[in-house]
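Chain order of the listed sequences is R and H.
Residue 130 is where the first sequence starts when you use the numbering used here, and the numbers rise one by one after that.
Residue 4 is where the second sequence starts when you use the numbering used here, and the numbers rise one by one after that.
Please keep in mind that the hints were generated in silico from the structure rather than gathered at the bench.
Everything numeric in this text was worked out from a predicted model, so none of it was measured.
Any given hint could turn out to be false.
[Stated by the list, open to error] With a straight-line Cα cutoff of 30 angstroms, these simulated DSSO-like cross-link-like pairs (lysine-lysine) come out:
1. H:K181 with H:K169
2. R:K268 with H:K79
3. H:K133 with R:K272
4. R:K176 with H:K169
5. H:K181 with R:K222
6. H:K90 with H:K79
7. H:K169 with R:K228
8. H:K102 with H:K79
9. R:K145 with H:K102
10. H:K32 with R:K228
11. R:K272 with R:K228
12. R:K222 with H:K90
13. R:K222 with H:K32
14. R:K160 with R:K191
15. H:K133 with H:K90
16. R:K266 with H:K79
17. R:K193 with R:K176
18. H:K32 with H:K79
19. R:K193 with R:K179
20. R:K222 with R:K176
21. R:K137 with R:K193
22. H:K102 with H:K32
23. R:K193 with R:K228
24. R:K272 with H:K181
25. H:K102 with H:K169
26. R:K137 with R:K162
27. H:K102 with R:K222
28. H:K79 with R:K222
29. H:K90 with H:K102
30. R:K228 with H:K181
31. R:K266 with H:K169
32. H:K102 with R:K268
33. R:K266 with H:K32
34. H:K79 with H:K169
35. R:K160 with R:K145
36. H:K102 with H:K181
37. R:K228 with H:K133
38. H:K56 with R:K228
39. R:K268 with H:K90
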Amino acid sequence: ILDDPDLKDIDPTVLKYCHAAAATCILEAGKQKADISAISTCLEDCKLDKERIEQFCTEYQKNKDALEILLGSIGRSPLHITDVSWRLEYQIKSNQLHKTYQPSYFVTLNVENGDSGSHPDVSFSCTMEQLQDLVGKLKDAAKSLERATQM
Amino acid sequence: SAVGELGRLAVELLRRGAAPRACEAAARKLNIGAEAVQHGVEGLTYLLTESSKLMISEIDFQDSIHVLGFSDELNKLLFQLYLDNRKEIRRILSELAPKLPSYHSLEWRLDVQLASRSLRQQIEPTVTIKLHLNQNEDQSARVLQTDPSTLLHLIRQLEQALGEMKTNHCRRIVRNMK
Chain R
130 ILDDPDLKDI DPTVLKYCHA AAATCILEAG KQKADISAIS TCLEDCKLDK
180 ERIEQFCTEY QKNKDALEIL LGSIGRSPLH ITDVSWRLEY QIKSNQLHKT
230 YQPSYFVTLN VENGDSGSHP DVSFSCTMEQ LQDLVGKLKD AAKSLERATQ
280 M
Chain H
4 SAVGELGRLA VELLRRGAAP RACEAAARKL NIGAEAVQHG VEGLTYLLTE
54 SSKLMISEID FQDSIHVLGF SDELNKLLFQ LYLDNRKEIR RILSELAPKL
104 PSYHSLEWRL DVQLASRSLR QQIEPTVTIK LHLNQNEDQS ARVLQTDPST
154 LLHLIRQLEQ ALGEMKTNHC RRIVRNMK
């Protein structure tokens, strides 16, 4: 905003204060999920005139959802699984053991951290029975989710 | 009976590693030198390991030990020793293959995030997962998280993976490999 031609006549320090104040107000409103009437009341207490309050609220409404998504994504949480890839192999032999003849799966879970973006993926091998166990447990979790949403 | 004793020692060697005192005790019992016992046990161990590794058939086994010039009865005893212990020896050998971290088990938990420092009044369902993995005898546990739609996606993908072994392509390969 310091480069904005419309604002070049105003003292940059004042500009910075205004910007910071507006940003704080917006963030606080977003954090508390305040509705329009609460924001209006607050701005009235700050002695802003009706026209300015209306303009501010309209702009706020337009960006409210994006703001909430942004605020919701800030914070620590365990690594988030975004995708999975798998590989099916049929083992024939190794230098220690011949004629093994066993199917084996190699599963990679792609994970992401909210801030840093990329992170080493979690990979592991498993037998068919183990994969069945894994999928069974995930299905239990999904069923539990479904039941919870119906309550 | 000497063969029986040496055979037992050989299998114990494979299970648990060298046991010099057991060899000495056997040497005393059978009235032979301790070194001879040691060599005998090592030889038997090698015979058993190689045979088990290759899943050798009776004909091939007999052909291989024929050159040692033992009696027929002894050869039969040796073959029986091989057959009796083959499964266990193969199990032990399979643990020597190069290994990736492998699945052990999974625990899950359903959570609903209600608020955080930066945003109040949320309703965010999440699934928290504790994945237990094994690698070379170390167990590790990774705590991971996912959302409901990704969970359903994971289930779909992995069920597809499980279904692959039943396809014609895989069945044909399994049939032709044996």
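For the pair supplied as a hint, K272 (chain R) and K181 (chain H), is the alpha-carbon distance within the 30 angstroms limit?
-> Violated. K272 (chain R) to K181 (chain H) sits at ~40 angstroms, over the 30 angstroms cutoff.
Has the given pair, K228 (chain R) with K181 (chain H), been kept, meaning a C-alpha gap of at most 30 angstroms?
-> This hinted pair holds, its Cα atoms lying about 8 angstroms apart.
Does the structure keep K193 (chain R) and K176 (chain R) at a Cα separation of 30 angstroms or less?
-> holds (23 angstroms)
Does K102 (chain H) pair with K79 (chain H) here, judged by a C-alpha cut-off of 30 angstroms?
-> violated (37 angstroms)
Within a Cα-Cα threshold of 30 angstroms, do K268 (chain R) and K90 (chain H) meet the stated pairing?
-> Since the Cα atoms of K268 (chain R) and K90 (chain H) sit roughly 35 angstroms apart, the hinted pair is violated (cutoff 30 angstroms).
Does K169 (chain H) lie within 30 angstroms of K181 (chain H) when you go C-alpha to C-alpha?
-> Roughly 17 angstroms between the alpha carbons, so the hint for K181 (chain H) and K169 (chain H) holds.
Please work out if K90 (chain H) and K102 (chain H) have their alpha carbons no farther apart than 30 angstroms.
-> holds (20 angstroms)
Given the hint that K79 (chain H) pairs with K169 (chain H), test it: the Cα-Cα distance must not exceed 30 angstroms.
-> Status violated; Cα separation ~41 angstroms.
Pair hint K266 (chain R) and K169 (chain H), alpha-carbon separation not exceeding 30 angstroms | Roughly 22 angstroms between the alpha carbons, so the hint for K266 (chain R) and K169 (chain H) holds.
Holds or violated: are the alpha carbons of K193 (chain R) and K179 (chain R) at most 30 angstroms from each other?
-> Roughly 20 angstroms separates the two Cα atoms, so the pair holds.
Are the Cα atoms of K160 (chain R) and K145 (chain R) separated by 30 angstroms or less?
-> holds (22 angstroms)
Is K102 (chain H) close enough to K169 (chain H), meaning Cα to Cα at most 30 angstroms?
-> holds (26 angstroms)
In terms of the numbered hints stated before, the structure departs from hints 2, 4, 8, 9, 10, 11, 13, 15, 16, 20, 22, 23, 24, 26, 33, 34, 37, 39, listed from lowest to highest.
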